[in-house]
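Asker: Letter by letter, the chains look like this.
There are 2 protein chains.
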Amino acid sequence: MAEPQHEVHRPADTGVVARIVADVYAECLADRSGEPADYIPELAAVQPDSFGLCLATADGRVYGAGDVHAAFTIQSISKPFTYALALADRGPAAVAERIDVEPSGEPFNEISLDPVTERPRNPMINAGAITAASLITGRDAADKFDRVRRCYSRFAGRELGVNEAVYASEARTGYRNRAIGYLLRSFGTIDSDPDEAVDRYFRQCSIDVTCHDLAVMAATLANNGVNPLTGERALSTALTEHVLSVMTTCGMYNAAGDWVSTVGMPAKSGVGGGILAVLPGQIGIAVYSPRLDRQGNSVRGVAACRALSRRLELHFLHVTRSAHTAIRAEYTVAEVPSRVRRSTEEIAVLDEHWHRTRIYELHGDLLFAGAESAVRAIEERAGQLDALVVDLRRVGDVSAIAVTMLADLHRELVAIGCQVALVDPDAKLGHLAAGDSRGQVFHDRDTAIEWCEDVVLARHRPASEPACTSMSVEEHPALAALAPDARARLAAHFEMRTVARDEVVVRRGDSRSGLYLILAGRVRLTFDDADGRTHRLVTLTAGMSFGEIPMLMGEPFVNEVRAETGVRLAVLGPADFDVLAERAPELKSALLERLAAVAYAQVDAAVRAVAVRGGDY
Amino acid sequence: MAEPQHEVHRPADTGVVARIVADVYAECLADRSGEPADYIPELAAVQPDSFGLCLATADGRVYGAGDVHAAFTIQSISKPFTYALALADRGPAAVAERIDVEPSGEPFNEISLDPVTERPRNPMINAGAITAASLITGRDAADKFDRVRRCYSRFAGRELGVNEAVYASEARTGYRNRAIGYLLRSFGTIDSDPDEAVDRYFRQCSIDVTCHDLAVMAATLANNGVNPLTGERALSTALTEHVLSVMTTCGMYNAAGDWVSTVGMPAKSGVGGGILAVLPGQIGIAVYSPRLDRQGNSVRGVAACRALSRRLELHFLHVTRSAHTAIRAEYTVAEVPSRVRRSTEEIAVLDEHWHRTRIYELHGDLLFAGAESAVRAIEERAGQLDALVVDLRRVGDVSAIAVTMLADLHRELVAIGCQVALVDPDAKLGHLAAGDSRGQVFHDRDTAIEWCEDVVLARHRPASEPACTSMSVEEHPALAALAPDARARLAAHFEMRTVARDEVVVRRGDSRSGLYLILAGRVRLTFDDADGRTHRLVTLTAGMSFGEIPMLMGEPFVNEVRAETGVRLAVLGPADFDVLAERAPELKSALLERLAAVAYAQVDAAVRAVAVRGGDY
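Listed in order, the protein sequences are those of chains S and U. FYI, the numbering for the first sequence is 1 to 617, going by this note's numbering. FYI, the numbering for the second sequence is 618 to 1234, going by this note's numbering.
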């Protein structure tokens, strides 16, 4: 069962938050005012001073204090859940024809039909609740009720059952509710057997729950209808919103206004002594304490909800500004270059035009406000950009409106000549990946940044300096330090090799196998991290070299080298190299100097990138 | 004035969001049903088909369509704002003694006192609004009204004025409201001159606003009471919450339940044709269209609010999961090492014990739910940690409860032997920085990570290998490659130098000035980024060296070198070095090899860190 399995994580009674819950519990424990409901002996028979308090987060952590596992009947707290099932069974429109959603200034057991619409004012008064019960679908009465019971069980995350004694007593004495049932039948609000509907209502009110159950049911409502312990969906997001709306205006009978002001959470109470409150998206709260106030709400329950709302600032209109910002980080190819090692000419171009690129990392769930802030920020800068990357890897749910807005933005930017790429491995904007922008959706940021750099290079590379994509050994910069004749002599020692795309040139752990000069094409050095994921360390292109370190230090290769494209290599074998190093130490020195210089330039760049990024975000 | 200055940013009628607003505007434009209010000729005289729609974000971006600058009288939309001022003037408790906050199923102009409390049911019906007007403080009637007008002006971000013609007409014909005033006086609900209160109410209803004004007023409520255009606070956060609560339950008269279900935003409408709606923390919406439905609400206004709520998913119970997560990133010193270059021995220790460190970057505003998720995640891991860093640089507002929770967590961790450091340059947890943890609050992450590594090194460094903090030239690893005699000979050429703490050893741009070996102490290499901020590139300690590259390549120093502590250096001057390089090329080679090896090891480490972090978060 979800709950114990959950408890083993760590007992709910230690830790910072558990202590807060315990404090509030202790604070409210003293109050022994009020009396348990006594209209039937079974309710009067409870432990009047029993007290349980539970707080469950929308992701399923349950904190509790007191009698959190004592059973009691759910009573009126059942109303929103049967209403929810009726909405799911019949659809909101059909239900709206039978039950209004307006607060009624009247007691819960008032007949209270709207004089104009002749409909029960709302589903939280008995008339509305009995009507909701009449709308549940099923093969027969037994099946219909079992669907109700199973629905509650999905919210609670465990199989709930009926307290037969309480049910029998309710059924025996519930004259007023029977009267309501017949009246509803006479108005045609109920068009089936009213006795069956009223009986189902009695049964649903007699379902046994614990404080822990109610907290999980509340957390399920807080979690958009998905039970956070079982992962099972108990209600659609849209209907969850609707049920919470009705609880907001009609949940606490005629104290609704005061409740919204002082507690600020959609809630429902029952004469069994339970109260359930929901902070949408965040928290579910449940209290059990049988002593009731004049309005039929649990005395300690109301006090505990007020205290928690005040101390934890749980009011549902208490908002965070951060909910508004979807841009997690924002930078250019200067702060975060791709891991393609660029030539001196390319570096010069990027140094001049880096500011015409922008990478935006979005995060969080993209609702309208978040998307609006992101779209606005991007629109304000797009005019000065050649290429823009939107990184969606850390985005959660994307609302329909956000997808529309981003697709619209995409067209807008392309129209003004700013090229756009997405990092969207999970296709969160699936349809954006299709069609014209297909080629600009990447699975990782590094490749997207490489694309970004390529756009800038394509636009701003001086016509006079076309990219040098192929060369001879003599032309290779590695030999630049040598006099022409020395260069020619050395070149003769190199062995030419061509490697097919994706072929491995060198394996991790291979011993020194020569000095490799790249004459054409691209090779990629990769390594695997602790989790076995392969990362690109760097991509090398024509005019660059590898293998020097194993060569000079006699160490094995630490990274795999693989051809990204067809590659043409010139290799100076170990034997030749050693002979050379001996005969022409000045050549070895030249190589080493160049090597050290390149290496230090890279250290510098890499560390600067980390330093600046560490500062920026 | 704020609004035009704002418009120059970029016209509100282009861009993705502006188009959405324009769409909704066009969608609602067709409906010409309903009639303008006509109980006074001045209201009947408006352009019946005038229509304006504005959406303003909580950070002050205003999108508009149609007649957004047409003036009309605010009418009942004034009620929440005068109520707000009364709450500020008298305090919530005193106001609560005069006005309830319960929805009344009755029309707005009903006398409607609660039979039990004899108080107006809520401040959104006339009886409650007139009572609120009677509670405004001031020297005299004129001053009291001007305080009301200035209060509205703070919300709107510009000076508002009265439409005298409408006022005169209201004052001439408002018999029913005068009756209400006298009745309230007879009950003692108003204990001052009722005529004055009613007159103030007439004046406030006659204040001219535009659709743009109302949107900014709504955005100010959405922004916790701070006008996002002027930055001026119009109402405290707590009172803003209270006013929005009352608007939620009582704002739309007897359609409150339906409004909450289908629109889901606290709102207020007026017979002038305006509607104001608020999505707390995110959006303010305003509509102006004089044709009213039977309930006295603007026909297009209601339609536009429904359409925007549906299309933009603005329902205030529609929540994002991400609001729940305060942990922005989580990693160890393995992924993000400090920029202190560690010795081989230290690297060995860190390679073994990196998992006993953890850096948590928090972000967003820390309300309870966010703090709970962070505290829980930290508590679950703290048992296996030696040192933990909480980076608060990206945290916004920190609620009182979050401060308490983090302080409590801090004590808890220290008690189980996990050392804690904060990165909190702005002292967001001010009092946490005090007392015992003072020494563990850092201004930047890099220093905090260095501290983290030091804790691990202090705990796990083998007793057999104490940190080598001082050495002679002969002992310096740079000379390790040499035979003992060669080493001794070379050592003789070095000049000893001691540098005081914070003294500059080498300036950026200095030409080759020698090969520097660190014998004791620490030096820091720094560089300035594009914004002129100085970053630590690396800190070097005893046994390390610098100046090789300028030496070998003849390039100037690219970074400043400054003593972090008192430092003892051994320097081999350029002349000596060149002679050496000539006489003993094998020594130069040895130096170069070591140099290249060290450099490539660093490139590898730096790039891996970037690669892994790029993938992880």
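What the hints contain is simulated information worked out from the structure, not anything from laboratory work. Quick caveat, the model's predicted, so the values are computed rather than measured. Among these hints, one or two may not hold up.
Claimed, not checked - Facing chain S, a subset of chain U residues (Cβ under 7 Å, in silico):
| no. | residue |
| --- | --- |
| 1 | Gly874 |
| 2 | Pro897 |
| 3 | Ala946 |
| 4 | Thr949 |
| 5 | Glu989 |
| 6 | Val992 |
| 7 | Val1015 |
| 8 | Ile1018 |
| 9 | Val1020 |
| 10 | Asp1025 |
| 11 | Thr1156 |
| 12 | Pro1167 |
Claimed, not checked - Residues from chain U shown here face chain S by an in silico Cβ test under 8 Å; the list is partial:
| no. | residue |
| --- | --- |
| 13 | Leu856 |
| 14 | His859 |
| 15 | Cys867 |
The beta carbon of each residue, even a glycine, is placed where N, CA and C say it ideally should be.
Asker: Can the hint on U:Val1020 be confirmed by a CB-to-CB distance to chain S that is less than 7 Å?
Answerer: violated, 12 Å
Asker: May I ask you to test the interface hint for U:Leu856 with respect to chain S, counting a Cβ-Cβ separation under 8 Å as satisfied?
Answerer: violated, 11 Å
Asker: Would the stated hint for U:Pro897 survive a check requiring a Cβ distance to chain S of less than 7 Å?
Answerer: holds, 5 Å
Asker: Can U:Val1015 be said to touch chain S, with a Cβ gap under 7 Å?
Answerer: violated, 11 Å
Asker: Regarding the hint that U:Pro1167 lies at the interface with chain S, is the smallest CB-CB distance below 7 Å?
Answerer: violated, 10 Å
Asker: Taking the least C-beta to C-beta distance, is U:Glu989 closer than 7 Å to chain S?
Answerer: holds, 5 Å
Asker: Would you settle whether the hint for U:Gly874 is holds or violated, based on the nearest Cβ-Cβ distance to chain S being less than 7 Å?
Answerer: Holds, because the Cβ-Cβ distance from U:Gly874 to chain S comes to roughly 4 Å (cut-off 7 Å).
Asker: Do the numbers back the hint for U:Thr1156, that is, is its least Cβ distance to chain S under 7 Å?
Answerer: violated, 12 Å
Asker: Can U:Thr949 be said to touch chain S, with a Cβ gap under 7 Å?
Answerer: violated, 10 Å
Asker: If you take the shortest Cβ to Cβ gap from U:Asp1025 to chain S, is it below 7 Å?
Answerer: Cβ of U:Asp1025 sits 5 Å from chain S, so the hint holds.
Asker: Please check whether U:Cys867 passes as an interface residue: C-beta within 8 Å of a C-beta belonging to chain S.
Answerer: holds, 6 Å
Asker: Using the nearest Cβ pair, does U:His859 come within less than 8 Å of chain S?
Answerer: Hint on U:His859: holds, closest Cβ of chain S at ~6 Å, below 8 Å.
The structure shown violates the earlier hints numbered 3, 4, 7, 9, 11, 12 and 13.
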